[in-house]
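Asker: Please construct the entire structure, taking both the sequences and the accompanying hints into account.
Number of protein chains: 2
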Amino acid sequence: MQQYFVEGSLSVDRLYTVTDKRIIHHIAKVMRMQPDDQIELVDATQQPFLAVIQKIDISGTEIQVRPINGLNRQTELPAKPILLCGLPKREKSEWIVQKGTELGADKIYFFASERAVSRWDEKKAIKKLQRLQTIALSAAEQSHRNTIPEIKFLQNLKDLKFEVQATKLIAYEESAKSSETKALVLALQAHQPKTPTYCVFGPEGGISSNEVAYLVSQGFTPIGLGPRILRTETAPLYFLSALSFYFELKG
Amino acid sequence: MQQYFVEGSLSVDRLYTVTDKRIIHHIAKVMRMQPDDQIELVDATQQPFLAVIQKIDISGTEIQVRPINGLNRQTELPAKPILLCGLPKREKSEWIVQKGTELGADKIYFFASERAVSRWDEKKAIKKLQRLQTIALSAAEQSHRNTIPEIKFLQNLKDLKFEVQATKLIAYEESAKSSETKALVLALQAHQPKTPTYCVFGPEGGISSNEVAYLVSQGFTPIGLGPRILRTETAPLYFLSALSFYFELKG
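Which chain is which? The protein sequence lines are A and B, in order.
Note that the first sequence covers residues 1 to 251 in the working numbering.
Note that the second sequence covers residues 252 to 502 in the working numbering.
By construction, these hints were calculated from the structure, which means they are not laboratory data.
Treat the hints with caution; some may be incorrect.
Cut-off 30 angstroms, straight-line C-alpha distance, at most; resulting in silico cross-link-like pairs (DSBU-like, lysine-lysine) [said to hold, decoys possible]: (1) A:K158 with A:K21; (2) B:K280 with A:K250; (3) A:K107 with A:K80; (4) B:K501 with A:K194; (5) A:K152 with A:K194; (6) A:K80 with A:K177; (7) B:K340 with A:K29; (8) B:K375 with A:K92; (9) A:K128 with A:K107; (10) A:K89 with B:K280; (11) B:K433 with A:K182; (12) A:K128 with B:K343; (13) A:K55 with A:K152; (14) A:K21 with A:K127; (15) A:K107 with B:K280; (16) A:K250 with B:K501; (17) B:K445 with B:K501; (18) B:K280 with A:K92; (19) B:K375 with A:K128; (20) B:K306 with B:K340; (21) A:K182 with B:K358; (22) A:K127 with B:K280; (23) B:K433 with A:K194; (24) B:K331 with A:K92; (25) A:K177 with B:K340; (26) B:K280 with A:K177; (27) B:K340 with B:K428; (28) A:K80 with B:K445; (29) B:K331 with B:K378; (30) B:K280 with A:K80.
Sample of chain A residues lacking proximity to chain B, with all beta carbon distances greater than 10 angstroms (derived) [said to hold, decoys possible]: (31) A44; (32) I53; (33) K55; (34) E102; (35) L103; (36) Q189; (37) P227; (38) R228; (39) K250.
We put the CB at the ideal spot given by N, CA and C, even for glycine.
Answerer: As structure tokens, this is what we get:
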């Protein structure tokens, strides 16, 4: 079923008028929905509802929907993963945002790192972030999330303050090469409920030893993600999948 | 370090002449390597070696290398995952092959499924498979695998014979929606060593109830991959990452 994020807060049986042009276009033109068709709506309080379309205005400017009931679903990954990605090349940031959103990232931050080939100045960053936030919205709707991950760009990783109790990890190629296999599992076992899980991923050139030293001084632990060398855009997806497997699937 | 798959079998200190034009071009022109530079070579017996370049012919047609020592590394995912993917749209098959190879797939088979939008006739399949096999080779070298996954296209899933003892799974959207969280973990716990793990993934339109019924009759079990709805090209990556986390990382 199609899902949309809407402004404001919804309640059961109270009619809601959709005015967001993006949603109106999608319902009326892309999906060609009709009155009585059902959709899922997530309101600004992150509450999902099953809703039915009541009326589609002929002029295509207004759609009225009626929430039927609140949905009791948990589609947000526990341990609130925050991806910290060295700025990758070309369209890889878009891929990380789309797939990272599907796989449950709570936030996705890109940062200017020493060995990154890509550079974003302030103007470029604003434009890029708009596009990335749109991708996150669309992927969050498609995957039936209750929230849209926040996408940010940091000119300097040192600008970021980390919660003391949080789990802090570095996906480190040298750890993979040296057959490090315990650190991720141990970190997840020690994870404090309701705190975020940060994980840093290098850009194509990898993370520098300076950057690793700084992160370790901030309480970060290097981890291996298996014995194969993963590309910069693949490692975050492994990490999120592993978190889901650990926290959401049970034997 | 750069890795290449070579024909024939290597042994320590026995000079080997590279004649594969792709590798010669990459060493001499792309990487601009010189004598004494080191590379990794995996021979046809899947044995990896550390090797040193001895001579690069001026005409650029021949490179001589000397294997220094055999590498004792295990970069092949246990439980030999075989992805069975309903043929996806456009370039998604390429993504699945590249990322699936990095994440350790043993084989990747696409099949013509009821709800698939894409169709490959025999001629198109041959051309596509050549390209996909090249992508698998390149991703296997990049991720330091010991083998290159075999890529195939099946006009009918029923043409495939499954090993009786193998683990046989279906990544099923309806399982995700109904909060199925146990089947994957139970299947991995019951996995028989040295047998493959098949997992079927639907195309964009999902897998049909006919297809599910046939697969169940062949001993396949539907599994959920967490509560979020994953796109057709994302689910295989979750599956492979979960297998790596389960079999390769230890607390």
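Asker: Does each hint fit the structure? Answer for all of them.
Answerer: Status of the hints after comparison with the structure:
1. A:K158 with A:K21: Roughly 39 angstroms separates the two Cα atoms, so the pair is violated.
2. B:K280 with A:K250: 50 angstroms, violated
3. A:K107 with A:K80: 8 angstroms, holds
4. B:K501 with A:K194: 24 angstroms, holds
5. A:K152 with A:K194: Given pair K152 (chain A), K194 (chain A) holds - Cα atoms ~22 angstroms apart, limit 30 angstroms.
6. A:K80 with A:K177: Roughly 28 angstroms between the alpha carbons, so the hint for K80 (chain A) and K177 (chain A) holds.
7. B:K340 with A:K29: Distance ~22 angstroms between K340 (chain B) and K29 (chain A) Cα, so the pair holds.
8. B:K375 with A:K92: 28 angstroms, holds
9. A:K128 with A:K107: Distance of about 16 angstroms is within 30 angstroms: holds.
10. A:K89 with B:K280: Distance of about 22 angstroms is within 30 angstroms: holds.
11. B:K433 with A:K182: Distance ~24 angstroms between K433 (chain B) and K182 (chain A) Cα, so the pair holds.
12. A:K128 with B:K343: Holds, at roughly 23 angstroms.
13. A:K55 with A:K152: Violated, because 38 angstroms separates the two Cα atoms, which is more than 30 angstroms.
14. A:K21 with A:K127: 21 angstroms, holds
15. A:K107 with B:K280: 41 angstroms, violated
16. A:K250 with B:K501: At roughly 17 angstroms apart (the allowed maximum being 30 angstroms), K501 (chain B) and K250 (chain A) satisfy the hint.
17. B:K445 with B:K501: 20 angstroms, holds
18. B:K280 with A:K92: Distance ~26 angstroms between K280 (chain B) and K92 (chain A) Cα, so the pair holds.
19. B:K375 with A:K128: Violated. K375 (chain B) to K128 (chain A) sits at ~36 angstroms, over the 30 angstroms cutoff.
20. B:K306 with B:K340: Distance ~45 angstroms between K306 (chain B) and K340 (chain B) Cα, so the pair is violated.
21. A:K182 with B:K358: Within the cut-off at roughly 27 angstroms; holds.
22. A:K127 with B:K280: At roughly 36 angstroms apart (the allowed maximum being 30 angstroms), K280 (chain B) and K127 (chain A) break the hint.
23. B:K433 with A:K194: 24 angstroms, holds
24. B:K331 with A:K92: 28 angstroms, holds
25. A:K177 with B:K340: Distance ~35 angstroms between K177 (chain A) and K340 (chain B) Cα, so the pair is violated.
26. B:K280 with A:K177: The hint holds at about 27 angstroms.
27. B:K340 with B:K428: 23 angstroms, holds
28. A:K80 with B:K445: Violated, because 36 angstroms separates the two Cα atoms, which is more than 30 angstroms.
29. B:K331 with B:K378: Roughly 26 angstroms between the alpha carbons, so the hint for K331 (chain B) and K378 (chain B) holds.
30. B:K280 with A:K80: With a Cα-Cα distance of about 45 angstroms, the restraint between K280 (chain B) and K80 (chain A) is violated, given a limit of 30 angstroms.
31. A44: Holds, since 20 angstroms exceeds 10 angstroms.
32. I53: It holds; I53 (chain A) is separated from chain B by about 21 angstroms at its closest Cβ, greater than 10 angstroms.
33. K55: Given a closest Cβ separation of 28 angstroms, the condition holds.
34. E102: Label violated. Min Cβ-Cβ 5 angstroms, cutoff 10 angstroms.
35. L103: With a cut-off of 10 angstroms, L103 (chain A) comes too close to chain B, as the shortest Cβ separation is near 7 angstroms.
36. Q189: 6 angstroms, violated
37. P227: 5 angstroms, violated
38. R228: Given a closest Cβ separation of 4 angstroms, the condition is violated.
39. K250: 5 angstroms, violated
Of the hints listed earlier, those the structure fails to meet are numbers 1, 2, 13, 15, 19, 20, 22, 25, 28, 30, 34, 35, 36, 37, 38 and 39, in rising order.
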